[in-house]
Amino acid sequence: MADELIFYTHPQSRGRIARWALEEVGAAYETQVVEYGTTMKGEDYLGINPMGKVPAIVHKGRVVTECAAICAYLAEAFPEAGLAPTAEERADYYRWLFFAAGPVEQAVTNNFAKFEPSADQGRMFGYGNYDLAVDVLEKAVSAHPYIAGDRFTAADIYVGSAVGWGTMFGTLPKRDAFLDYFSRLSSREAYQRAGAKDDALAAELEAAKAPA
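Residue numbers (UniProt numbering): 1 to 212.
Keep in mind the hints are simulated off the structure, nothing from the lab.
Do not rely on the hints blindly, as some may be mistaken.
[To be verified] Below, a list of computed lysine to aspartate or glutamate pairs in the DMTMM-like style, where the Cα atoms sit at most 20 Å apart:
1. Lys53 / Glu80
2. Lys209 / Glu66
3. Lys139 / Glu105
4. Lys41 / Glu4
5. Lys174 / Glu189
6. Lys114 / Asp131
7. Lys174 / Glu89
8. Lys60 / Asp44
9. Lys209 / Asp198
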């Protein structure tokens with residue numbers, strides 16, 4: 001039943017990552033759109049995610065937030081999709097999933113905000129500096145066709161989204177390794193299907209705002 005899995009999102013948000021994960025697992029789900037500044041900060045949605053951010057999913061009454069957690073959760077909740085790691089893939093799967101969600105996210109957002117940590121601050125911040133985080137990410141996506149080995153897993157959804165958005169919007173450099181990696185991912189049917197759904201939803205929301 002679709003009402004067993006509810007997806008809270010906005011098409012112009014990181015909800016696109018969760019949408020891709022949902023399309024990859026192939027489970028039926030209900031989409032609930034929450035708007036910036038209104039329903040996203042409303043009492044009902046804050047009861048689901050007190051941060052007032054998207055995405056979030058509710059599966060059989062249990063809430064999951066944070067994109068990396070949603071990707072990992074869906075892979076385990078729907079094992080038939082084959083997105084969870086094998087024993088051989090598990091180390092790289094979790095290592096790079098959380099590297100992208102932690103050090104890379106921090107490095108990219110701080111760099112975008114024009115904050116460059118000193119050497120002392122770099123030790124405290126955990127990612128060192130932007131260039132180091134980017135270099136390590138480049139090596140990670142270059143080691144194998146996919147982030148955990150020779151096949152696509154849920155970790156590629158999150159890491160791939162970080163790489164795809166970063167190279168598209170200029171928060172990551174357009175290095176060949178990044179472009180080659182994301183090219184493999186963006187050709188997937190589930191990625192294209194998710195993007196088409198979010199693009200259509202974005203157009204629908206814009207049309208609704210237009211004066212009559």
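Outcome of the hint check:
| no. | hint | in the structure |
| --- | --- | --- |
| 1 | Lys53 / Glu80 | violated, 29 Å |
| 2 | Lys209 / Glu66 | violated, 29 Å |
| 3 | Lys139 / Glu105 | holds, 17 Å |
| 4 | Lys41 / Glu4 | violated, 24 Å |
| 5 | Lys174 / Glu189 | violated, 24 Å |
| 6 | Lys114 / Asp131 | holds, 13 Å |
| 7 | Lys174 / Glu89 | violated, 27 Å |
| 8 | Lys60 / Asp44 | holds, 18 Å |
| 9 | Lys209 / Asp198 | holds, 17 Å |
Comparing the model with each numbered hint stated earlier shows that hints 1, 2, 4, 5 and 7 do not hold.
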